[in-house]
Amino acid sequence: MLHMVAKLHYVEEMAQVDIARRLKLSTATVSRMLQKARSLGIVKIEVMDLVAPNEVAEELAELLGLKGVAVAETVSPGMVGALAAPLADLLKEAGFASGSVVGIGWGRAIREVISAGLPRLGGVTVVPLNGGLQQSAAHFQINEFVRQAAEQMGGEPRFLHAPYVSSPELRAAFLADSGVNDTVSLWDKLDCAIVGVGLPHPINPPEASAATASEKALTEAVGDVIRHYFDHDGKTVSWEGEERMIAASREQLGRARLSIAVAASPEKAAGLIGAVRSGMVNAIVTDTATAQAIISMLMPSRG
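Number 1443 marks the last residue of the sequence shown (the numbering used here); no jumps.
For the record, the hints were derived by calculation from the structure and aren't laboratory data.
Take these hints with a grain of salt, some might be off.
The calculated lysine-lysine pairs, modelled on DSSO-like cross-linking and capped at a C-alpha distance of 27 Å, are [stated by the list, open to error]:
id: 1; residue 1: K1164; residue 2: K1176
id: 2; residue 1: K1329; residue 2: K1232
id: 3; residue 1: K1164; residue 2: K1147
id: 4; residue 1: K1164; residue 2: K1232
id: 5; residue 1: K1207; residue 2: K1356
id: 6; residue 1: K1207; residue 2: K1147
id: 7; residue 1: K1207; residue 2: K1164
id: 8; residue 1: K1207; residue 2: K1232
id: 9; residue 1: K1356; residue 2: K1375
id: 10; residue 1: K1207; residue 2: K1375
id: 11; residue 1: K1164; residue 2: K1184
Please put together the full structure from these sequences, using the hints given.
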């Protein structure tokens, strides 16, 4: 049925209301089926880029002073896994190998690139960059991301069985646990961090962020990296709860040889700029459309 609906709409150019009438469905059902057909890869919409990804990558690196950048052809919504290949190239070029500590964040982009596959590096230690949430959503399962990433890289996983935020007393108790401390101590030894960049809460669906009321009130924030929020200039935007987080600090992320933000959405252009300016990110893996949106923000006369 999905294939039929997709073919009627995209090949025969039939309007959704006419498809609904022919198949005795509601237009809302037809719309959902078309969205599902795209997410499953039954339908692929390609927009040809006007510039080569490597040209955009060079300009992006120069404008933001990045240590690493990889740009793929523009990806379709829900197909962020296409960034796995350029991410793999960046990791291999950096020469991470036995003894390197690789930190993994959470979020949809991180989930997608890990699902698509990371390169075999051999002997690396893979560690979560923050504690977990009591949420069933797939993009919050950070220990599972670590397990998969370590398996793909041929490394050793270290898990963190602690909440990402709790009371001051519970935080202290968790950090006093030897198992938790062994993992958390690796944040001072990060060679690489792979993180997503969150959207501002006014345009981010609640189910995508599971944000607290304090976080949702951060109207000046353009994004976050593992719940460390910042404005367009990279300045810290504090929230009630940040000091109670069990997560790698801004400084620990900034000291990593390569701290890579993975994102593909022009909506995240401001967030990516802020993440780099904050010092938490020094490398970007993205697509051409997002890269061009970043360049347009940095050089408005170009737009």
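request  = Enumerate the violated hints, using their earlier numbering and listing them in ascending order.
outcome  = Of the numbered hints given earlier, those the structure breaks are 4, 5, 6, 7, listed in rising order.
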